[in-house]
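Student: Protein chains in written order, with our numbering: chain A, 1 to 91; chain B, 92 to 182; chain C, 183 to 273; chain D, 274 to 364; chain E, 365 to 455; chain F, 456 to 546; chain G, 547 to 637; chain H, 638 to 728; chain I, 729 to 819; chain J, 820 to 910.
Calculated directly from the structure, the hints in this document are not laboratory data. Any given hint could turn out to be false.
[Unchecked claim] Below, simulated DSS-like cross-link-like pairs (lysine-lysine); rule was C-alpha separation at most 25 Å, straight line:
1) E:388 with E:405
2) H:678 with J:860
3) C:223 with A:41
Please read all numbers here as calculations on a predicted model, not as lab measurements.
10 protein chains.
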Amino acid sequence: MEFLVRFETTLPDSMSADQAQQLKSQERARAMELRQEGTLKRLWRIPGRRAVVGLWEADDATELHDALASLPQFPWMEVSVEPLATHPQER
Amino acid sequence: MEFLVRFETTLPDSMSADQAQQLKSQERARAMELRQEGTLKRLWRIPGRRAVVGLWEADDATELHDALASLPQFPWMEVSVEPLATHPQER
Amino acid sequence: MEFLVRFETTLPDSMSADQAQQLKSQERARAMELRQEGTLKRLWRIPGRRAVVGLWEADDATELHDALASLPQFPWMEVSVEPLATHPQER
Amino acid sequence: MEFLVRFETTLPDSMSADQAQQLKSQERARAMELRQEGTLKRLWRIPGRRAVVGLWEADDATELHDALASLPQFPWMEVSVEPLATHPQER
Amino acid sequence: MEFLVRFETTLPDSMSADQAQQLKSQERARAMELRQEGTLKRLWRIPGRRAVVGLWEADDATELHDALASLPQFPWMEVSVEPLATHPQER
Amino acid sequence: MEFLVRFETTLPDSMSADQAQQLKSQERARAMELRQEGTLKRLWRIPGRRAVVGLWEADDATELHDALASLPQFPWMEVSVEPLATHPQER
Amino acid sequence: MEFLVRFETTLPDSMSADQAQQLKSQERARAMELRQEGTLKRLWRIPGRRAVVGLWEADDATELHDALASLPQFPWMEVSVEPLATHPQER
Amino acid sequence: MEFLVRFETTLPDSMSADQAQQLKSQERARAMELRQEGTLKRLWRIPGRRAVVGLWEADDATELHDALASLPQFPWMEVSVEPLATHPQER
Amino acid sequence: MEFLVRFETTLPDSMSADQAQQLKSQERARAMELRQEGTLKRLWRIPGRRAVVGLWEADDATELHDALASLPQFPWMEVSVEPLATHPQER
Amino acid sequence: MEFLVRFETTLPDSMSADQAQQLKSQERARAMELRQEGTLKRLWRIPGRRAVVGLWEADDATELHDALASLPQFPWMEVSVEPLATHPQER
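Take the sequences, apply the hints, and build the full model.
Tutor: Written out as C-alpha cells, the structure is:
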C-alpha cells in the first residue's frame, strides 16, 4: 500500500553545527536503506521550505510508522500521512 | 489494517421520502454485510449531526475504498479516512 | 518540472446518467493520452472520496494548466496544484 | 458513554532522558490500570506522529477528565475530546 | 452531564411562509417541553445570526442526540456539540 | 449583558511549583469574589484541557475586560469572548 | 457599548431586478434611520466584495441584534459581530 | 498604491453558452481599458483554477473597488484584496 | 484612505518590568503623536486580550507601514491590516 | 516561469544587534544579485509585518528553491510559493 508522507524538520537551536551535520549524514544513510528496501519510493522538496513530500510503500500504517520512526531526525520531524488507494486507470 | 472513517450523508431535497426510505434500508442491509465480513467493526453517531464515525478494517486503502463505495448512499456521503497504526501497548 | 495535482470532480445533478457516462469515457481517453505524452505520470485515488491526487510533469505552470484544462471534466473539477522541487537525494 | 480522545505528547527539551524514560514507564502503568477498569478501551497510534487516538468509556465528561488528568504525562499532553452517541445499528 | 450545543437553522427557500411559520410554532412548543423536562436549561441567540447556543443536560450523548433530533427543525439545523465537565470550583 | 468566555491558562515552565500554587489560590479567591458580585455566573471545564468556558455578566465589554484582567493568572491566559443576546424564548 | 459588525449580502438569483432594487432602497432608508438614532455610527465597504464592516453602538447584544434584524436585507445577510471595549487611551 | 487582487469567477449554470461568451468578451474589453489606464498592471492565472491573481494600481481602496466593480463579471466574482507597501529595496 | 488595523503585543519574558513599563510609556507617547497627526483615529481593545483594533488613516500602505513601524513596541507586535473603501452611504 | 513567493523573517532573540545588522546587509546584497540575474523581479512589503511578497522567475521549482536558499536569512524565513501560469490576455 502506498502513502503520501509530508514532513518538515526543525532541528533545535541548541544543537551544534557538528551534531546537526552528523545527524543529516545519518538521515541520508537511513533514507538510502529505506529506498533500497522499497519503502521510500520517491522524495520531493517543497520549494522554499525545509520540508519534503515523499511516496512510501508499506504493508500497513504500523509498518510505515516504524519506517518513519527509524529516521534519525524523527524526533524533530512534523509528519503527516495520507493513505493512497490504487486508481482504476492503474489497476 | 484499521481505519477511522468519518462520514456525513446529505440526501438531495429532490429525492422523494419513499426513495430516501428505500435507500436507508439498502444502506442498513449493506452495512450489516460489511459488519459480518469484519470490514465494518464499530459505528458511532456524532451527536446532533447526520454523521457517523466508524472503525473499519481492510487490507489497504484500495480495499477500504471499494467497501465504502459499495454503500448505496456513497454518492451523497462526504467521507474522510484516517489510517491507524497499532499502538505498542496493544501489540 | 513535476507538480502534485489534487482534484475532486462533482458532476451536476442535472446531468443525465448517459451524459455522465460519456463524459467519464472521454475523461479516461484524454487521461490516457496525457499519460502517453508523459504529462500525467501517476494517479492515486483518495480513499472514500471522488478525488484523486496525481504526479504531473510539464515545462511550467502554463503548460500544466493547459493539460488540466484539456480534460473533459475540467469545468466540474476543483483543482489544487503544488510545485515540486527535486530532492538532493534524487539529483 | 464513549468518547474518542486524541492526544499528542511533547516532553520539554529540558527533561533528562532518565526522567522521560521513567515518566513513560509510569504512563504505561497508569494506562494499564485504566484499561483494566474499562475506562480506556482501545488505543491507536497516528502514523508518523507522537500522537494517539483512543476509545474511552466514562460516566460523563467529568469522570473522563479525571481519568485523563491521572495520566503522569497529562501536563505535557495536548488533548481533544469528541463525545460519541450510540449508533442505531448497534442499539 | 451538561453540553454546550450550538446550532444554526436554514429553512429551504422552497418552504412556504406558512410552512415556516407552522414549523417555528412546533419548534417553540417542543423546546418548551425540553425545558420543562430539564433537558434544555438555557438558550442564547448569537447576535446577528439565525443561530443559538444552548446549555443542555442529558445522561449521555445518545440521550442528547435524541433530544436534538426531536426538534421539528432538526433536518435543517447545523449542530455542534461540546461536552462540559464540572469545574472544581462548582463541585 | 451575558458573555461566553473561554480561556486556557499556560503557566511558564520557569515558574516554581510554589509560585504556581500561590497563583492558583489567588486565582480561586478572585474568582469567588467575581461570583459573589454576579460577574462570573457559571464555569465549566473543557474535558482533557487546562481550559474553561464560563458564563459572565457585565454591563459591557469594557467592564468584562476589567473583570477578566483582575484575575491573577490573566497574563498567562489565552482568552476569547463571545457576546450573547437574549433568546426570544427567555424574554 | 460599541460593536464591529461585518456582513456580506447575497440576494438569491430568483429575486427579480425590481425586487432587488426596491429592497436596496428600503435597506438604505432603514440604515439612515439607524444612523440618526446613533446605532449605526460608521460603515465601510470591503474592497472587491459585496461586504461591509460597520461600527455600531447599542446597549447590549440583544439591542444590537434587534437593530440588525430590522434591516430589510437581514434574511440574506451573513453577519459576524465583535464586541469592543474602550481603550485606556480613549477613556 | 499597488494591490494584489485575487479572484475566481463562477458563472451560474443557468447562464446560456451565448450569454457566457458575450460576457467574457465584454470582460476582456473592460480589462483592456483598465490596463491602458494603468489600473490593471499584470494578471496571472492560478494553474488548474478559474482564478486569477493580478497587480492593480489605484489611489486608494475606493478607486480600486470602483475599478473591480466595473468588470462585467463582477457579480459572479469572489474577490480578495491585499494592500501592498513599497519595499525599501525599491524606493 | 482608511485602514482597519489589528494588533496583539507580546513582550518577551526576558524583558524586565522596568523595561516593559518604559516601553509602554514610549508607546503611549508615540500613539498620542499619531493621533494628533490624524494617522490614528480610533482605538478599541479586544475584550480579554492584549490586542487592539484601530482605525488608521494614511495616504497609502507604505505610509501606514511607516506609522506602525514607528511604534516602540512594533518589534513585538503581530499586526494585520485591512484596507477600507468608502461606503456609498458616506460619500 | 513566474512564482509568487511570500516570506516572513524572524531572527532569533539570541542574535546580537550587530549580527542581525550584518545579516541584513548580506541579505540586501544577495537580493540585489538575484534582481540583476532576473530571478527576483519585484518585491513588496506586507504593511505592518516583517513579511514580503515577491515576483520571482526561475526555470522550475528546483531553481527557485536554490535561489531562495541562497539568501543569507533563509534559515529564519517562513516561505510559501505559489506557481503562476501566463494569463491568456498576456500571451
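Student: Checking against the hints above, which ones are violated?
Tutor: Violated hints: none; all satisfied.
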